[in-house]
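**Q** One letter stands for each residue in the lines below.
There are 2 protein chains.
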Amino acid sequence: MDITPRNPENREPISLSTQSKMTEAWKAKATAKREALSSLIPPEWRLPTPVPPPSELPNVTREIRRYLSPQEISITESSAVEIVTKTSTGQWKCEAVTRAFCHRAALAHQMINCLHEIFFDAAIDSARSLDEYYGNHRKPRGPLHGLPISLKDTIHVEGVQTSMGIVGWLDTVEGQSRGPHPEHTKRGYSSLIVQNLQGLGAIPYVKTSVPQGSFSGETTNHIIGHTPNPANRNLVVGGSSGGEGGLLALYGSPLGLGTDIGGSIRVPAAFNECFGLKPSTGRLPFQGIASVVDGEAAIPFVVGPMAHSAGDLVFCVRALLAVEPWRGDPLVLELPWRDEVFESTKRIFRGLEPAARLAFGVMVSDGVVNPQPPVTRALGEVVQLLRALGHTVIEWKPPSHAEALKLWRENCVIDGGTKFHNALSLSSEPATPTVFGNRARAPVDGSEVMARTVALREYRKAYLDYWESTADETGTGRAVDALIAPVHHGPPPAKGKVRYMGYTCAFNVLDYSASVIPVTRARKDVDVYTEGYSALNPMDKMAYEDYDPGLLDGAPVGVQIVGRRLQEETVLALAEEISSAMEKGDPSRL
Amino acid sequence: MDITPRNPENREPISLSTQSKMTEAWKAKATAKREALSSLIPPEWRLPTPVPPPSELPNVTREIRRYLSPQEISITESSAVEIVTKTSTGQWKCEAVTRAFCHRAALAHQMINCLHEIFFDAAIDSARSLDEYYGNHRKPRGPLHGLPISLKDTIHVEGVQTSMGIVGWLDTVEGQSRGPHPEHTKRGYSSLIVQNLQGLGAIPYVKTSVPQGSFSGETTNHIIGHTPNPANRNLVVGGSSGGEGGLLALYGSPLGLGTDIGGSIRVPAAFNECFGLKPSTGRLPFQGIASVVDGEAAIPFVVGPMAHSAGDLVFCVRALLAVEPWRGDPLVLELPWRDEVFESTKRIFRGLEPAARLAFGVMVSDGVVNPQPPVTRALGEVVQLLRALGHTVIEWKPPSHAEALKLWRENCVIDGGTKFHNALSLSSEPATPTVFGNRARAPVDGSEVMARTVALREYRKAYLDYWESTADETGTGRAVDALIAPVHHGPPPAKGKVRYMGYTCAFNVLDYSASVIPVTRARKDVDVYTEGYSALNPMDKMAYEDYDPGLLDGAPVGVQIVGRRLQEETVLALAEEISSAMEKGDPSRL
Chain A
1 MDITPRNPEN
11 REPISLSTQS
21 KMTEAWKAKA
31 TAKREALSSL
41 IPPEWRLPTP
51 VPPPSELPNV
61 TREIRRYLSP
71 QEISITESSA
81 VEIVTKTSTG
91 QWKCEAVTRA
101 FCHRAALAHQ
111 MINCLHEIFF
121 DAAIDSARSL
131 DEYYGNHRKP
141 RGPLHGLPIS
151 LKDTIHVEGV
161 QTSMGIVGWL
171 DTVEGQSRGP
181 HPEHTKRGYS
191 SLIVQNLQGL
201 GAIPYVKTSV
211 PQGSFSGETT
221 NHIIGHTPNP
231 ANRNLVVGGS
241 SGGEGGLLAL
251 YGSPLGLGTD
261 IGGSIRVPAA
271 FNECFGLKPS
281 TGRLPFQGIA
291 SVVDGEAAIP
301 FVVGPMAHSA
311 GDLVFCVRAL
321 LAVEPWRGDP
331 LVLELPWRDE
341 VFESTKRIFR
351 GLEPAARLAF
361 GVMVSDGVVN
371 PQPPVTRALG
381 EVVQLLRALG
391 HTVIEWKPPS
401 HAEALKLWRE
411 NCVIDGGTKF
421 HNALSLSSEP
431 ATPTVFGNRA
441 RAPVDGSEVM
451 ARTVALREYR
461 KAYLDYWEST
471 ADETGTGRAV
481 DALIAPVHHG
491 PPPAKGKVRY
501 MGYTCAFNVL
511 DYSASVIPVT
521 RARKDVDVYT
531 EGYSALNPMD
541 KMAYEDYDPG
551 LLDGAPVGVQ
561 IVGRRLQEET
571 VLALAEEISS
581 AMEKGDPSRL
Chain B
1 MDITPRNPEN
11 REPISLSTQS
21 KMTEAWKAKA
31 TAKREALSSL
41 IPPEWRLPTP
51 VPPPSELPNV
61 TREIRRYLSP
71 QEISITESSA
81 VEIVTKTSTG
91 QWKCEAVTRA
101 FCHRAALAHQ
111 MINCLHEIFF
121 DAAIDSARSL
131 DEYYGNHRKP
141 RGPLHGLPIS
151 LKDTIHVEGV
161 QTSMGIVGWL
171 DTVEGQSRGP
181 HPEHTKRGYS
191 SLIVQNLQGL
201 GAIPYVKTSV
211 PQGSFSGETT
221 NHIIGHTPNP
231 ANRNLVVGGS
241 SGGEGGLLAL
251 YGSPLGLGTD
261 IGGSIRVPAA
271 FNECFGLKPS
281 TGRLPFQGIA
291 SVVDGEAAIP
301 FVVGPMAHSA
311 GDLVFCVRAL
321 LAVEPWRGDP
331 LVLELPWRDE
341 VFESTKRIFR
351 GLEPAARLAF
361 GVMVSDGVVN
371 PQPPVTRALG
381 EVVQLLRALG
391 HTVIEWKPPS
401 HAEALKLWRE
411 NCVIDGGTKF
421 HNALSLSSEP
431 ATPTVFGNRA
441 RAPVDGSEVM
451 ARTVALREYR
461 KAYLDYWEST
471 ADETGTGRAV
481 DALIAPVHHG
491 PPPAKGKVRY
501 MGYTCAFNVL
511 DYSASVIPVT
521 RARKDVDVYT
531 EGYSALNPMD
541 KMAYEDYDPG
551 LLDGAPVGVQ
561 IVGRRLQEET
571 VLALAEEISS
581 AMEKGDPSRL
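For the record, the sequence lines run as chains A and B.
Letter 88 of the first sequence, counting from 1, is numbered 88 in UniProt numbering, and no numbers are missing.
Letter 126 of the second sequence, counting from 1, is numbered 126 in UniProt numbering, and no numbers are missing.
By construction, these hints were calculated from the structure, which means they are not laboratory data.
None of the values given here were measured: they were computed from a predicted structure.
Treat the hints with caution; some may be incorrect.
Identical copies carry no separate label here, and so any pair may be met within one copy or between two of them.
[Stated by the list, open to error] When the alpha-carbon atoms are kept at most 25 Å apart in a straight line, the in silico SDA-like pairs for lysine to any residue are as follows: (1) Lys-397 - Glu-324; (2) Lys-397 - Glu-132; (3) Lys-346 - Thr-392; (4) Lys-93 - Ala-455; (5) Lys-33 - Pro-433; (6) Lys-497 - Gly-416; (7) Lys-495 - Asp-525; (8) Lys-406 - Asn-438; (9) Lys-524 - Ala-494; (10) Lys-397 - Gln-71; (11) Lys-495 - Met-582.
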């Protein structure tokens, strides 16, 4: 099989017989990869019999425990902070921790196809070397000593492939023959954030599944197939950091990294009852992470953590900023962790400051697609809590979110999807139907790029002015401190039905910081539309018709906590405080 | 005369006779504007006889004093800090201060054509109202109480035109018929930074000349003609903030704002023996400032101060950041003035910290065009001073600056100059020969925009890695704290000979912070090439041949102090310390 990357522009005309052979070739290549991956799971970690089909056993989040020892369960259901506390004091061996997560991740993959890369042996070697370090020095190697960390398969790890769900990328570096990649020559092939994490003592061990090209709210590709939602395998896991979401829901990882250009961290976080942070651009290092829109700078991908608690997100971000990533990534701002902002937000939230309480905006609808009943209820519960705690909540009436969506579409794919479709054509695989931009368009010209950039700035300005104007309404003397908004208009839907990502896209358009916290689960008994629902538009009508209370019963619902640009400390402090007040994030809920 | 802006794409075909009428029209319009401007100078401030021609009196920097009272001289040759100290304590009336600067600016304009807009009456009204405020409250209105401030004519002031040296922009808002401009609807027609400055108590009174479209190192346009260098009117004033530079050299302003995309603050600062700051993008608010490359986001224009001392730059930046411009400009980073960085840099410079001294890189040449002898001597004097004070200076051997220049050209004008040439065609005026991009090209496509953005990031990464790698060389345990570099390869040349802006462009490509300080003046007796100079390339040969020690004798030479991205505090602290150690910035030197 010829796996040399092809330049699609110089490719010879394909005769029908060649074409069919190539079709054969990409399918074979995908199959081979899928099988190679499975073979990396040690025999003793293989399921004795396949799990029953989703129709019989939709939820596998409890099922997975059957295959684990009590010690493994105890380790894997600990928070990242708890794990590091124990590995850093010799109470737990890093090797035991890493093995437990490798085992659980292997099981998870057999249940929901959530991994793209497995490198258990390298991880266990790293763990042993950390144990040896601790044995010799009686101190941890770094603040993340021995913490296993899962990575979305857009993030490079030296010696491990990155397919990003694209068949033609297998055995290449982002579609190029292996060799010195300009950005990798100095420091090897790992993305900067992986180098930083490893320097802090963290241990990467798996890379998780993504939609083809990492550009969809549903995680399906031709290599790994489909990643379903482990809490209900009849529903989607979300995307594009879908494998991360599913793996976290199964406690196959204590902490993962996703990337987000339109909701790709936040949607799978919400769909899997976990926590996530989409930082503003320039806060965490994206250096050396793959993207099919690399060089699109107006609304770029950002990298951020996903975890079982807000505290673990804070733990990760704090550690990453302490290594001064602006010294390695020219796009990272020299903006250290601002503990005073974080702590003061928490104190004000708890009423420990003489000043007034906090003020929030709540977005009950973006005016394009109304939230389905479980999401409306989730928002209501958060608002009720905030008001009960003495905070002000005002209704959010911002500039048009339809305009935000338009700007998102206009600014994200200025090459008309050329880079993505060129990547697909390396192997001749077709675009999957659920991927954004599955039909290639002509690139726009430089004048149009500039006009769109100006329109984007004008929208950001209008939104900022609106945000600031709320100072007249809050009664705190300040504009709202944060915004509570849906993550998605509904709980995770059935496959093929992630139709709208507007609630998350809008905050990429604005480059605002946003955390996601779990809030509730859909309940078929209470979460019903009032009679005579009047749809806003055909898209909203579809969202209304998609809602199936029976199918979605029990499906997770989260909310976004949105701060202005670069307000990561604020949205993390609030994620911690609000989720703690709601008592979320405890694995015993499973 | 029809002054309705035309959409050049929908314009009717022009017959020869129409064309000649239009040619007539733009010339007449430019003349009318020039004359209207002159008529705004009160008769008592008009020169009784024109100044002698440059051949007889090249230097007018002392000449201007002849027309001023001792009190006016005393006011206008005070620093911004001194002025505000006096206006804020009632020692000086704001009106007297404003009148003195209006008078001196009016004289300056008659000597070097440095103004595009005059609004003395409005300024004097504002001054009176501030005096009234002080009279009533016995305290200043704000930290810039009564400080006159000049503005480059790319910055909007409500009620005043912005032509930016483009005839077709006269009587329009950036080429559009007057009316609600999307970015201006909320807060009037002033650029945000003007609103901020006025809120702080500053008084705009003039807008200064720029090259046609503000895209050249030489200040020439069809409206105002040519702005020569006041220290030698046979030489250029620099550009594009050329009017600012010239006005400052004549002490017709205590503090001005320029904009910079390739050296437009720094080159005129150096050519006029004054100080300037080009901040990184996102530090000071560019919201609502005009640009013919608006929407080009990879290497955008930035706004920054120009002044008679580094202390005045600090004064201005500190005041501007105190109003939290990120609340009004969505592109400004929430990064307050970091006084600890500023003060600690100064203490280390002075040897007041137990830690090691500072480390500097010195760029003796960028490898594309070698500095002419006066610039090499200026660099040597700074290096000698730094070493004498105990600091380390290493030779700077960065990634190719030729590559930086290529990236600058590739990223700055992705529309091929369409926006600029459309602006020119509003009136049918031709492009001036010294403007960058005077021939329109086809816009590049979105794929190419993305490829260029990636190449830019890779260059920034390589440069950052190089910067960090100097930690091995400095002996301080840190990478270099700042870089000392030429501003321009020579002193201000004769008209038409600003051939190369590579020394400044490179730091726009990198988005680094850079301050400019005056260092010396060219001396025909000592600043000569050694015999047998071997040129690097044809451009360097031209620079060598351009050098005319006799013509340039006495022309100002400055250097850049360059810090990494967003290191404004560092480069300002060093500008203050180094210039103070060199005893620069005293008007008695004139």
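**Q** It remains to establish, for every hint, whether it holds in the given structure.
**A** How the hints compare with the structure:
| no. | hint | verdict |
| --- | --- | --- |
| 1 | Lys-397 - Glu-324 | between (38 Å within a copy, 24 Å between copies) |
| 2 | Lys-397 - Glu-132 | neither (57 Å within a copy, 41 Å between copies) |
| 3 | Lys-346 - Thr-392 | within (16 Å within a copy, 45 Å between copies) |
| 4 | Lys-93 - Ala-455 | neither (54 Å within a copy, 44 Å between copies) |
| 5 | Lys-33 - Pro-433 | within (22 Å within a copy, 60 Å between copies) |
| 6 | Lys-497 - Gly-416 | within (24 Å within a copy, 42 Å between copies) |
| 7 | Lys-495 - Asp-525 | within (23 Å within a copy, 82 Å between copies) |
| 8 | Lys-406 - Asn-438 | within (17 Å within a copy, 34 Å between copies) |
| 9 | Lys-524 - Ala-494 | within (16 Å within a copy, 81 Å between copies) |
| 10 | Lys-397 - Gln-71 | neither (50 Å within a copy, 56 Å between copies) |
| 11 | Lys-495 - Met-582 | neither (30 Å within a copy, 71 Å between copies) |
In this structure, the hints that do not hold are numbers 2, 4, 10, 11, in rising order.
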